[in-house]
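Q: As you go down the protein sequences, you meet chains A and B in turn.
Residue 71 in numbering that gives the first Met the number 0 sits at position 72 of the first sequence, and the numbers go up by one each step.
Residue 138 in numbering that gives the first Met the number 0 sits at position 139 of the second sequence, and the numbers go up by one each step.
Take the hints with a grain of salt, since some may be wrong.
[Claimed, not checked] Pairwise CB distance ranges, derived in the manner of DEER restraints:
{"#": "1", "chain 1": "B", "residue 1": "37", "chain 2": "A", "residue 2": "259", "range": "55 to 65 Å"}
{"#": "2", "chain 1": "A", "residue 1": "320", "chain 2": "B", "residue 2": "62", "range": "50 to 60 Å"}
{"#": "3", "chain 1": "B", "residue 1": "111", "chain 2": "A", "residue 2": "34", "range": "53 to 63 Å"}
{"#": "4", "chain 1": "A", "residue 1": "18", "chain 2": "B", "residue 2": "25", "range": "48 to 58 Å"}
{"#": "5", "chain 1": "B", "residue 1": "66", "chain 2": "A", "residue 2": "291", "range": "27 to 37 Å"}
If you are wondering where the hints come from, they were derived from the structure by calculation, not from laboratory data.
Note that the Cβ used here is the ideal one computed from N, Cα and C, for glycine as well.
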Amino acid sequence: MKTIIYIVQKEFRQIFRNKGMLPIIFVLPLLQLIILSNAATFDIENIKFSYVDHDRSSSSRGLVENFEASTYFNILNSFPSHKHAYEAMEKGEVDVILEIPSDFHTQLIREKQVDLGVYINAIDGSKAGVESVYINQIIKNFNRNIAISTTGFNPLQNQKIEVLTVPSFWYNNTLNYKIFMVPGILVLLVTMLTLFLSGMNIVREKEIGTLEQINVTPIKKYQFIIGKLFPFWALGLLIMTIGLLISKIIFAVPMIGSIPLIYLFTTVYLLVILGMGLFISNYTDTQQQAMFIAWFFVVIFILMSGLFTPIESMPDWAQKITLLNPIRYFVEIIRMVMLKGSGFKDIIPQLTIISGYALVMNALAVWSYKKTN
Amino acid sequence: MSITLKNITKSYKKVTAVDDISFEVKPGELFGLIGPDGAGKTTLFRILTTLLFADKGEATVAGYDVVKDYKEIRKSVGYMPGRFSLYQDLTVEENLEFFATIFGTTIEENYDLIKDIYVQIEPFKKRRAGKLSGGMKQKLALSCALIHKPKVLFLDEPTTGVDPVSRKEFWDMLKRLNDKGITTLVSTPYMDEAALCDRIALIQEGKILKIDSPSNIIDQHEKQIYNVEAKDMYQLIQNLKEFPENESVYAFGEFVHYTHSNENFHPEKLEKFLSERDHKNISIKPTSPSIEDVFMDLARKKDVKPTENEA
Numbered sequence: 000m001k002t003i004i005y006i007v008q009k010e011f012r013q014i015f016r017n018k019g020m021l022p023i024i025f026v027l028p029l030l031q032l033i034i035l036s037n038a039a040t041f042d043i044e045n046i047k048f049s050y051v052d053h054d055r056s057s058s059s060r061g062l063v064e065n066f067e068a069s070t071y072f073n074i075l076n077s078f079p080s081h082k083h084a085y086e087a088m089e090k091g092e093v094d095v096i097l098e099i100p101s102d103f104h105t106q107l108i109r110e111k112q113v114d115l116g117v118y119i120n121a122i123d124g125s126k127a128g129v130e131s132v133y134i135n136q137i138i139k140n141f142n143r144n145i146a147i148s149t150t151g152f153n154p155l156q157n158q159k160i161e162v163l164t165v166p167s168f169w170y171n172n173t174l175n176y177k178i179f180m181v182p183g184i185l186v187l188l189v190t191m192l193t194l195f196l197s198g199m200n201i202v203r204e205k206e207i208g209t210l211e212q213i214n215v216t217p218i219k220k221y222q223f224i225i226g227k228l229f230p231f232w233a234l235g236l237l238i239m240t241i242g243l244l245i246s247k248i249i250f251a252v253p254m255i256g257s258i259p260l261i262y263l264f265t266t267v268y269l270l271v272i273l274g275m276g277l278f279i280s281n282y283t284d285t286q287q288q289a290m291f292i293a294w295f296f297v298v299i300f301i302l303m304s305g306l307f308t309p310i311e312s313m314p315d316w317a318q319k320i321t322l323l324n325p326i327r328y329f330v331e332i333i334r335m336v337m338l339k340g341s342g343f344k345d346i347i348p349q350l351t352i353i354s355g356y357a358l359v360m361n362a363l364a365v366w367s368y369k370k371t372n
Numbered sequence: 000m001s002i003t004l005k006n007i008t009k010s011y012k013k014v015t016a017v018d019d020i021s022f023e024v025k026p027g028e029l030f031g032l033i034g035p036d037g038a039g040k041t042t043l044f045r046i047l048t049t050l051l052f053a054d055k056g057e058a059t060v061a062g063y064d065v066v067k068d069y070k071e072i073r074k075s076v077g078y079m080p081g082r083f084s085l086y087q088d089l090t091v092e093e094n095l096e097f098f099a100t101i102f103g104t105t106i107e108e109n110y111d112l113i114k115d116i117y118v119q120i121e122p123f124k125k126r127r128a129g130k131l132s133g134g135m136k137q138k139l140a141l142s143c144a145l146i147h148k149p150k151v152l153f154l155d156e157p158t159t160g161v162d163p164v165s166r167k168e169f170w171d172m173l174k175r176l177n178d179k180g181i182t183t184l185v186s187t188p189y190m191d192e193a194a195l196c197d198r199i200a201l202i203q204e205g206k207i208l209k210i211d212s213p214s215n216i217i218d219q220h221e222k223q224i225y226n227v228e229a230k231d232m233y234q235l236i237q238n239l240k241e242f243p244e245n246e247s248v249y250a251f252g253e254f255v256h257y258t259h260s261n262e263n264f265h266p267e268k269l270e271k272f273l274s275e276r277d278h279k280n281i282s283i284k285p286t287s288p289s290i291e292d293v294f295m296d297l298a299r300k301k302d303v304k305p306t307e308n309e310a
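Just need the whole structure built from these sequences, with the hints factored in.
A: This is the structure in structure tokens:
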């Protein structure tokens, strides 16, 4: 026990003496949390909208006005012809082109049906999808108003039966993406930091040769490993705490569930990450190698965590892979507990999986750590 | 016996680093492994300190088998690797305390043993190890290797990269430790340090050339060696190699060491040979061999064809 305490003490001394590392550990993650949470938005605004009006009637102007009224679209330009508009899109000046045919007004009155041309720049597929939904909504709205005004003669007879849906968004009723993103990004930062630091730590001792000296001492495997990893476990919890404070103070993220429950999960979760770090450092010889391998896993974990793209929309095989992703469970849990107020019973499945994961990971790490080669 | 090796062999892929080596080190002995870089010295150290498994052979340290009783060995040996391997970002005192703690002892308990060495670096005990000079780093490393009062001390090239004054100091310290009864196995590429050991093993390319006390090794060397001197050293070596029936020619400090392949050597003939080739200030004097001369001779004989000698 005395040995472990001394190693822990030594590690902390080394961490706090490393003047290059301190800001990386404490300042960068928090800056990232603040910047990323504000920047990683799913809202699509300021869409560069343009139109080609061949009709120039009251109806076509009305339709364009509907777009002007929307906060999502910035009306940039009206082009005289499709060709001009298309050139502008080529140059990246516009995102969306609405082409109104010359017989728009007459067709609308006479046939009650008319085709509109909508061109969307779909280089960014998800953005184009959202834009298409916005455009359809505006046109639908316009359509309803037209229907009422043109068939106003006998509204009761002609009115279509319409089903109106009024969605109510639970757990985040204003659909504020920050509330949704901040806990997720916090998870990501805590994971990256502890994985990188623990992964590089033992390799560093290999690199500078101190491990060789340590290996010729009667120190026990478990003493060394616990002594080495405990400081990063503590650091992980500290970063988590600071991150939670920032979420509360700067982003006003609701914390409906129990905070101790989040800490309980974090405690176990960090063991998985530290085990992974140790495992990586056992199989690498330099900090550079360790860093690359850690990066490789982190990138996969992040992209498949459900943080940026919902797991439900992934292909089946990818969904199965995410079952191996520890970040996935943590993102799920932190959102569940903070936003929904889930209790201990609700998180039992994830907690069990993560505990099992921690056991397996650390067993592997300890097994692969050898004092002899 | 403090250290025994029996037919130890170790290969890395295609290279045989240590080839069928056997020797013994008596308790309290200061034993030197002398050989050039790449001779297999470090591999031997790593096998004896349980960091590496040998492919073949058996070895014991302080009576414990290096494979079966590795735990006991780790408790009872001190190891100082060739590369400085203490924590550069910890202070002198913290490093020493750290090693004392992991060996389950305290600085006070064994202070007697390291006192001589530690007092020299004590004024800098609050300084980080990385900021020490080369000689002081070695003293600190030796203190750390001694802090648990080891039975056997392994020092892998402790004086490589250390200035001549510090080297001498370091060897004085080793002698004093040796007087306290600590068995020491030390390796060095410097032949002049070999004379300071009780016994030495000359080692090259993973094989032992000779094991004996330095004085015996020199005494048994029968070849007469001549110090040859002239103005143009480079040209002198070239011309000596052209001299009929020469055996070996190599630079040795300010002289060239020359041996003849048979007993019929006449310095006058050589002098004449050299002056015909425009050499000035020629002097040819017999000299007594050093360990280096013996090593050169043995290394040359070991190879099938004579090597280009260089020093």
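Q: Each hint should be assessed against the structure and marked as holding or not.
A: Results for each hint:
1. B:37 x A:259: 55 to 65 Å: Holds, at about 60 Å.
2. A:320 x B:62: 50 to 60 Å: 55 Å, holds
3. B:111 x A:34: 53 to 63 Å: Taking Cβ atoms as reference, residue 111 of chain B and residue 34 of chain A lie about 59 Å apart, which means the hint holds.
4. A:18 x B:25: 48 to 58 Å: Taking Cβ atoms as reference, residue 18 of chain A and residue 25 of chain B lie about 50 Å apart, which means the hint holds.
5. B:66 x A:291: 27 to 37 Å: 35 Å, holds
Going down the numbered hints, you'll see the structure goes against none, and every one checks out.
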